[in-house]
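Peer 1: Each chain, written out:
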Amino acid sequence: MTAFGSERMRRCAIVAWGSTNIGRHPGRAPAELGFESLDRALASIELDAGELDGLFIVPQGYARAQAPLRPQRVAEELGLSTRALVEVECGGASSLLAFKAACQEIATGQIEVAAVIGAQVERRMYELGMDEGDIDHVYLIASMLGSYVAPYGVLTAVACYALSAQRYMHEYGISAEEIAELPVRLRRHAALNPIAELRDEITVADVLASRVVSPPIHKLESPPWSDGGACVIVASETWANGRGLDPVVLTGWGEAHDSSNFVAFEAGLTNFPWVRESAQIALERAGRRLDDLDVAEVYGAFAASELMTYEAMGLFEHGEAPSAIARGETALGGRIPINTSGGRLALGHPPQATPLLELQEVCEQLTGRAAARQVENAAIGLVQAEHGVMNGSAVAVLEV
Amino acid sequence: MSDPALKYVLREMGAPAREFYRRLEAGELATTRCERCARFHFPPRLLCPGCGGAIVWHPLRERGIVYAFTQQERGLRFTAPAVIGIVELEEGVRVFGVFDAEYDSLAIGQPVVVHMRRDVPGITLLGFRSVTH
Numbered sequence: 237m238t239a240f241g242s243e244r245m246r247r248c249a250i251v252a253w254g255s256t257n258i259g260r261h262p263g264r265a266p267a268e269l270g271f272e273s274l275d276r277a278l279a280s281i282e283l284d285a286g287e288l289d290g291l292f293i294v295p296q297g298y299a300r301a302q303a304p305l306r307p308q309r310v311a312e313e314l315g316l317s318t319r320a321l322v323e324v325e326c327g328g329a330s331s332l333l334a335f336k337a338a339c340q341e342i343a344t345g346q347i348e349v350a351a352v353i354g355a356q357v358e359r360r361m362y363e364l365g366m367d368e369g370d371i372d373h374v375y376l377i378a379s380m381l382g383s384y385v386a387p388y389g390v391l392t393a394v395a396c397y398a399l400s401a402q403r404y405m406h407e408y409g410i411s412a413e414e415i416a417e418l419p420v421r422l423r424r425h426a427a428l429n430p431i432a433e434l435r436d437e438i439t440v441a442d443v444l445a446s447r448v449v450s451p452p453i454h455k456l457e458s459p460p461w462s463d464g465g466a467c468v469i470v471a472s473e474t475w476a477n478g479r480g481l482d483p484v485v486l487t488g489w490g491e492a493h494d495s496s497n498f499v500a501f502e503a504g505l506t507n508f509p510w511v512r513e514s515a516q517i518a519l520e521r522a523g524r525r526l527d528d529l530d531v532a533e534v535y536g537a538f539a540a541s542e543l544m545t546y547e548a549m550g551l552f553e554h555g556e557a558p559s560a561i562a563r564g565e566t567a568l569g570g571r572i573p574i575n576t577s578g579g580r581l582a583l584g585h586p587p588q589a590t591p592l593l594e595l596q597e598v599c600e601q602l603t604g605r606a607a608a609r610q611v612e613n614a615a616i617g618l619v620q621a622e623h624g625v626m627n628g629s630a631v632a633v634l635e636v
Numbered sequence: 070m071s072d073p074a075l076k077y078v079l080r081e082m083g084a085p086a087r088e089f090y091r092r093l094e095a096g097e098l099a100t101t102r103c104e105r106c107a108r109f110h111f112p113p114r115l116l117c118p119g120c121g122g123a124i125v126w127h128p129l130r131e132r133g134i135v136y137a138f139t140q141q142e143r144g145l146r147f148t149a150p151a152v153i154g155i156v157e158l159e160e161g162v163r164v165f166g167v168f169d170a171e172y173d174s175l176a177i178g179q180p181v182v183v184h185m186r187r188d189v190p191g192i193t194l195l196g197f198r199s200v201t202h
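Those protein sequence lines, which keep their order, are chains A and B. So for the first sequence, my numbering puts the first residue at 237; every next one is plus one. So for the second sequence, my numbering puts the first residue at 70; every next one is plus one.
Think of the hints as simulated: they come from the structure by calculation, not from any bench. In this text, all values refer to a predicted model and were calculated from it rather than measured experimentally. Glycine included, each C-beta is placed from N, C-alpha and C at the ideal position. It is possible that part of the hints are untrue.
Stated by the list, open to error - Between beta-carbon pairs, the in silico distance windows are:
hint, chain 1, residue 1, chain 2, residue 2, range
1, A, L321, B, C106, 42 to 50 Å
2, A, R319, B, E160, 50 to 58 Å
3, A, R244, B, G83, 36 to 44 Å
4, B, D188, A, T603, 52 to 60 Å
5, A, D372, B, D188, 20 to 28 Å
6, B, E160, A, E556, 28 to 36 Å
7, A, A608, B, V200, 54 to 62 Å
8, A, D372, B, E142, 21 to 29 Å
Using the sequences provided together with the hints, build the complete structure.
Peer 2: Shown next, in the form of structure tokens:
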């Protein structure tokens, strides 16, 4: 079976990737960070932008009023004529779904090689001050939470993730200390990743002493609202082999979305069957099992939700991820290293670019370029991204 | 005149949401139920997401238990010390609203009654009040 389940499709692969440092890029436009990422990716395989025949972009302006990063504007700046111009928006999963769209156009033979770009610069939106247009945009963005949550003035997803974290602790008897262990572990991964935003060591006591953003979520259990850009270059396996490149092949794709907007009131707040379903579809198409994975990057927007993602995927029983991470099972050298990049909590989180950063990390691992955080002999990796409060999930299985 | 922060929320409401809030304004908490499989839905739907059956609006008993609660430090309204969250009604339906209680006084599983909050101009919302024994 091929990545999308049909025998008649071509195999596609990631042939290059690039990103900016994740953190603060004041005064720079998202497009600049996108182009910087693209340039790095192209330079790594000595490819001219002119050879790209598709552009797949994620819109910018997630929280601040900004002109969208339209594929046509990007094409104009690059001086690039293409046979595919696509913009994809689906919350946090956007850039992974843009990657999928690129792979599908390649798999069906529409194009040979394409760039997928995501970037975000919103870190200083409050410091820079907001005019009437920005405030109106905040009203618009808040409405994404839908007709039954937005009227209560809920402005970000944090409050909804907090409800989920509280249920998780209640249903499985998990302590605040056990959840606080995760960001401590992720910082150790980030310390080995030169592009990560938060690389200093922290302790469980530091996490629990940090500000309560939305109880029970502490500041250090939340991701920084980072600036950053990322890009992956996708091509047909045939094209990659013709260029003598060592491609990272997409062997399985899966996605599953609940029929809810943002919060799955009916399914509850701790199980997330879509995460399991998307992973199972992707693994089945790849002809692999969870046990086969050497490395994984999952979205994990908050500490508790990252632990629940491990469980929802089936890596651990429900309620058992905290003890597993405390035993080091997800650390470098552990049974299944997860979020070796540092994850959202330590690598940093520019949501429009995040899934591309996840792909980048797994590609570095699978090609032996992860330096101090290299997982030995890594050959099979998984990338997962979500939207809403994990009411939909997408998974890519990648192999060398 | 409605709260300006509601501009897009109201503009984007579909038919089920408009009906839900029309009924709340009239003092009735109701949602859709499947005529075929009798399943209650929340949010209300156009068709049953379980079996595709036709829906009928059905009033809900305005009693339930605390399912989850939190506070938000930044928001357009109901920021801390206000407590927001989810109540599970007796029919098993889970709804979002505002608690008339302090954060430290609440616990998952406590009984609550639902009432209509009319303090946001332009919309009637759900309030949850703890039941004293």
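Peer 1: It remains to establish, for every hint, whether it holds in the given structure.
Peer 2: So, going through the hints one by one against the coordinates:
A hinted range of 42 to 50 Å holds for the C-beta pair L321(A) and C106(B), which are about 44 Å apart. Checked against the hint of 50 to 58 Å, the C-beta distance between R319(A) and E160(B) comes to roughly 53 Å, which is consistent with it. Checked against the hint of 36 to 44 Å, the pair R244(A) and G83(B) passes, with Cβ atoms roughly 38 Å apart. One distance hint, 52 to 60 Å for the beta-carbon pair D188(B) and T603(A), holds here, with the actual separation near 58 Å.
Between D372(A) and D188(B) the Cβ separation comes to about 23 Å, which falls inside the hinted range of 20 to 28 Å. The hinted window of 28 to 36 Å between E160(B) and E556(A) holds, with their beta carbons roughly 32 Å apart. Taken as a hint, the range 54 to 62 Å holds for the pair A608(A) and V200(B), whose Cβ atoms sit roughly 57 Å apart. For D372(A) and E142(B), the Cβ-Cβ distance of about 22 Å falls inside the hinted range of 21 to 29 Å, so the restraint holds.
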